[in-house]
Every structure is written in C-alpha cells, then in structure tokens.
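Visitor: Once you have looked at the hints, place chain B on chain A.
Number of protein chains: 2
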Amino acid sequence: MAFSYPHKLSSKLTQISNNRCFDGEQHYYRHDSAATKTPMSFSIYLPDDALSGQRCPAILYLSGLTCNADNVTHKAHFQALCSELGMIFIAPDTSPRSDADNGIDVANDERYFVGQGAGYYVDATKAPWSEHFNMQSYIADELYELLREEFPIASIGIMGHSMGGHGALLLGFKFPSKFVSVSALSPICSASEAAWGQAAFLEYFGEDKALWDESDAAKVIEASGRQYSSILVDQGAADEFFHDGQLMPEKLQKACFAADQPLTLRYQAGFDHSYYFIQSFIHDHIQHHYQMAQL
Amino acid sequence: MAFSYPHKLSSKLTQISNNRCFDGEQHYYRHDSAATKTPMSFSIYLPDDALSGQRCPAILYLSGLTCNADNVTHKAHFQALCSELGMIFIAPDTSPRSDADNGIDVANDERYFVGQGAGYYVDATKAPWSEHFNMQSYIADELYELLREEFPIASIGIMGHSMGGHGALLLGFKFPSKFVSVSALSPICSASEAAWGQAAFLEYFGEDKALWDESDAAKVIEASGRQYSSILVDQGAADEFFHDGQLMPEKLQKACFAADQPLTLRYQAGFDHSYYFIQSFIHDHIQHHYQMAQL
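Residue numbers (the numbering used here), protein chains in the order written: chain A, 54 to 348; chain B, 54 to 348.
Take the hints with a grain of salt, since some may be wrong.
[Stated by the list, open to error] Pairs of lysine to aspartate or glutamate residues, derived as EDC-like cross-links and limited to a Cα-Cα distance of at most 16 Å, are as follows:
1) Lys128(A) - Asp123(B)
2) Lys231(B) - Glu202(B)
3) Lys128(B) - Glu275(A)
4) Lys227(A) - Glu267(A)
5) Lys90(A) - Asp158(A)
6) Lys179(A) - Asp261(A)
[Stated by the list, open to error] Beyond 10 Å from chain B on every Cβ pair, some chain A residues (computed):
7) Gln68
8) Asp85
9) Ala88
10) Gly139
11) Lys227
12) Pro229
13) Ala263
14) Gln306
15) Gly323
16) Ser327
17) Tyr343
Calculated directly from the structure, the hints in this document are not laboratory data. Just so it is clear, the structure is predicted and the values come from calculations on it, not from any experiment. Note that beta-carbon positions come from the ideal geometry of N, C-alpha and C, so glycine has one too.
This is chain A alone, in the form it adopts within the complex (with noise of 0.2 Å):
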C-alpha cells in the first residue's frame, strides 16, 4: 500500500513484507551493517499516525535467546495497542547470523546459548566472535541512528525479555541519553554471575573480567546510578529459569536501591518463561513507555 513519510525510505533499507494490522502496518527490514558486517533484519510495526508522516513515541524491544524478530512479532500482541496508542514497536534480531547466498560465514556454537541467537547485547572482543559479534555497537549505535533517520519516531524506549532483558536494562543504563524509558520481561539481571551469561562472557571475552562487570546489568545500573523516574520490571513466579538462578531479579533489586534508582519489581504468580507469559503483561509496558515518552 502507499504510504508517504515526510521523506522516502532510503536505499539503505529493503522491505520483505508489509502486512496490514489494526490501524497500522506490520513491515520487515533488512540492511547492510557495518557494525556486524552483515545483512541484520528487524521488523518495525507503524500506526497510521506514522505512516502519514507524524512523529510517534517508539519502543525498541530485544528478544532473548534462539529468538529472532518473528517471536515477538508474532507472539507478543503488542500490535493492538500499539495501534491505539500510536506508539511504533522496533524488534531487531538477537546476533548477526551466516548468510550463504552471501557468502558470510558467522562463527556459531551448538550451545544455544552461545553464538547465533546469543549476542548478548555486546561487542565481543576475543576471535572468532569479535568479527561479527558486535551486537551493542549495532543496537545503540548503527540500528538506533538508522531508525531515526528513516522512521518518523519522537522518542524510544527500550526493553526485553530474558536475555533481551539484560540488554534493555544494559543499554538502558549505558546510554541513558538515548532511551527515555527501560522496561524488562524476566531479565537476566546480572549475566556475570549466571551459568547461561558466564558461557557467553567467556567466549566473547575471554578472562578479562573487567568486560564481564561492564556488561552486567546490575552492576552497571550500580555503577551509573538513577537515570529514570521508574523502571518496570515483571518476572514470572514459576519461571523455571528463574528457579534455576539464571535471571536474578534480587540481584537487579540491590543494584538499584543502590544506585537510588526506583524500580517496579512484579513476581507475577503462577506464570513461567514463555511468550503467554509477555503477552500476558506486555499492555503494563507498554503503557509505562507511552507514560514516559509524554514527560
């Protein structure tokens, strides 16, 4: 369908599909990046309001691991709201992936919870991952600047789910300047101190724990100190993960009253991991990111 932005799409960014959804549209991406020197796609959901060119409050949402854009997409049902908001809702893929018609070879592990589907939201810096694993410059830096200049967005947001949790509250914190708002899903909170994020560290830092501390949330919000007026946090009651030790919203808890940062933390009862669970509370935050963007 046509459509006019205040200016067009660039040649920078290749359409895949573009979907009609309440009062808007649901669009694919693909582009070159720099950052991870691949192509990177991400799905973009615009409400009319953007379409016609007017600047609208937009939340960038990272997923956890083995996601890509669909699982949200898909599966959070953020869409209606977002329609009747007018708020746009960005999901970007978890890691540069091979490309065979390419010719791009990304490194990879069979653990899923290293490699393709695990960026953790950093730049690696031991080999092989730190050819392609630059996930934190892409985000915050090639994604965030691209998005502003080809969308019609008044302000972002970010948040996550799970590993896409930590990377919301990471980013959030790094670069505060950037986001007017964090929220978070089930967060893996301090990704130093768990077995999933230790694995990942390891390979994309070797031993030097000084990178580790910088990409943990916790320690990071501890170190940085209140950047917002509240943060929004839900963590599912029976959660396996949870249980596990994986996510440990204790330690995101100390973090900020440390740092004097406010943070709503909600254990919510009898909810587990998956995508019922984000579609379940996902409205809460997207309202949380709509109240701030009006500030």
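Guide: Just chain B, lined up with the frame of chain A:
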C-alpha cells in the same frame, strides 16, 4: 499448576503443555481418534472460571490450509479477550497426520491444498484418503463429544479462517443443533467451485458431484435455510486469494439471501489473508459468539 474440574480429565486425554496466560491457562492435549485412526492434538484456552469448574461458552476455531493448532494459538491474539469475557477457545488440527513413533502412515500430497494440513472438514470416500481423512466425523462428532465430556462447556460456537471458514460455515449449517453461533474470516465459501477445493474434492470424493455439493458451504446454507439469527464474516479487501477467486464471498452472500439467513459480510480495506488480518478482527468475532451464547 493444580486445578480442580467438577470431574477429573479422563485417561482419553494426555496433556502436552500448560501455560498460565492472563487470567487462565493455555493447554494442549493429545488423544487417540477413532474417526481418523490417528493421534490428534488440539489447544484449549481455559479462563479461570472454567478452571474452577464453572461452565463457560466456548468457541471452536477451525484453521486454514497448512496450519495446525499452533498458528491461531500463537498468532491470533484471542487469549486476552477470552480471559476477560470468560470464554473457552479450542483449536483442533486441520487433518490427520503421519506419526512415525506410533507406526502410523497417513496419505499425503505434495500440493499444500490437498492431504495433510488440508482435511477440509469432510469425510473422504475415496482411497487412499478414506482410511484417515474423516475430519467431519472427527470435529462434529468425536471431538465435539469429547470436549463436552471433559471440559465445563456451556455452549459451542464455531468459527474458522479460510479452509477453516469453509469448515465453520459447513458444519455450522449441517449441524445447527450443535452450535449456537457461526462466524468466519476470509472463508472458502464455495469449495466445489474454486480451484483449491476442486483439487481436494476430486481426491477425497472422486467424481461424485453430489458429495461435492454436500461439502460446499454456500450450497449447504442455501439448502438448509436460515439457522442463526446472524452470522459474521470478514474478508480482507487486499487478500490475494480473494482476488484469485478461491474464496468467493459473493456466493455466500447469494446463498444467505436465498436462505433468508441474516449475514454481516464486511470487506476490510487494505487487509490480506494473514494472521495480521485475523488478529485485527478476531475480537469482533469473539464478541459475536459471546453475545450469541447469552441468548
């Protein structure tokens, strides 16, 4: 999580999964079907009222070509409203399927609109399909009775998408005493006169055109006459399969007119055949079934 029905689920049902979702739970079950002589699976969303044993109105949702229960359960976004209204939502599979673990080999066809994933909600009469492809008996008799025995269901409305819209209209008008309401999203309205349906019916019924007519939703409605105080149908106006002539809502409109059957047929500008279309309008369908169930 523990919950108590008025009676325990029988040994006919094996629970595959159980996820808390809004004020209710999304379950999947598997059972052995006598109609299809295969294991069959379905998803069911149970609001807390149902979980505590209170009878609730239910919607039986029939999916389209290539789908199983996952597509609608993940992508249609029905759970929030079903939780709010206290409605049960059931999604069966679209055909019997091979099951190597149990030594079950079901006929198939390399074309996506015939064979596994394309049962058309009819009882096939021609080999090799007649052995397992008995989806009318499965849905309208076996599963229908099983659901009423095992879950606290007050009444059942039937709806579906595409091939499942055909199924909802067909079974709704063949068995009006079983269903309290009917609706459809982009249904195949006259399968015997469209290329997909003709290819399937030739396989399932051979040249017996009387069976074709008895399995054509528009023809069955015209023959059965008015059965419901109203039926609701949405059709995306930008749907490529509509423009290809596979769906033919105009045949449904003529049949309902001839049968004195009230029909609300809405053409939705800009919308295609996808689950982005479904999620945009399914709330109106859930409300339709909810209101009919109160009468």
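Visitor: Evaluate each hint against the coordinates.
Guide: Against the structure, the hints:
The hinted pair formed by Lys128(A) and Asp123(B) meets the criterion: a straight-line CA distance of about 11 Å does not exceed 16 Å. Among the hinted pairs, Lys231(B) with Glu202(B) is consistent with the structure: their alpha-carbon atoms are about 14 Å apart, no more than 16 Å. At most 16 Å may separate the alpha-carbon atoms for a hinted pair to count; Lys128(B) and Glu275(A) exceed this at roughly 39 Å. Of the pairs offered as hints, the one joining Lys227(A) and Glu267(A) holds, with about 9 Å between alpha carbons and a cut-off of 16 Å not exceeded.
Restraint check for Lys90(A) and Asp158(A): satisfied, since their Cα atoms lie roughly 10 Å apart, inside the 16 Å limit. For a cut-off of 16 Å, the pair hint linking Lys179(A) to Asp261(A) stands: about 10 Å separates their Cα positions. At the 10 Å boundary, the C-beta of Gln68(A) stays outside the reach of chain B, the nearest C-beta of that chain being 15 Å off. Listed as a non-interface residue, Asp85(A) keeps its Cβ farther than 10 Å from every Cβ of chain B; the least gap is roughly 27 Å.
Against chain B, the non-interface label of Ala88(A) holds: every CB pair exceeds 10 Å, the least being about 30 Å. For Gly139(A), the shortest C-beta to C-beta distance to chain B comes to about 16 Å, beyond the 10 Å cut-off, and the non-interface label holds. Non-interface call for Lys227(A) relative to chain B: holds, since the shortest CB-CB distance, roughly 33 Å, exceeds 10 Å. Residue-level check passed: Pro229(A) sits 32 Å from the nearest beta carbon of chain B, beyond 10 Å.
Interface exclusion of Ala263(A) from chain B stands, the closest Cβ pair being 40 Å apart, more than 10 Å. No Cβ of chain B approaches the Cβ of Gln306(A) within 10 Å, the least distance being about 23 Å, so the stated non-interface status holds. Here Gly323(A) does not stay apart from chain B, with its beta-carbon only about 4 Å from theirs, under the 10 Å limit. The Cβ of Ser327(A) does not lie farther than 10 Å from every Cβ of chain B; its closest approach is about 5 Å, which violates its non-interface assignment.
At the 10 Å boundary, the C-beta of Tyr343(A) stays outside the reach of chain B, the nearest C-beta of that chain being 18 Å off.
Violated hints, in rising order: 3, 15, 16; the structure is consistent with all others.
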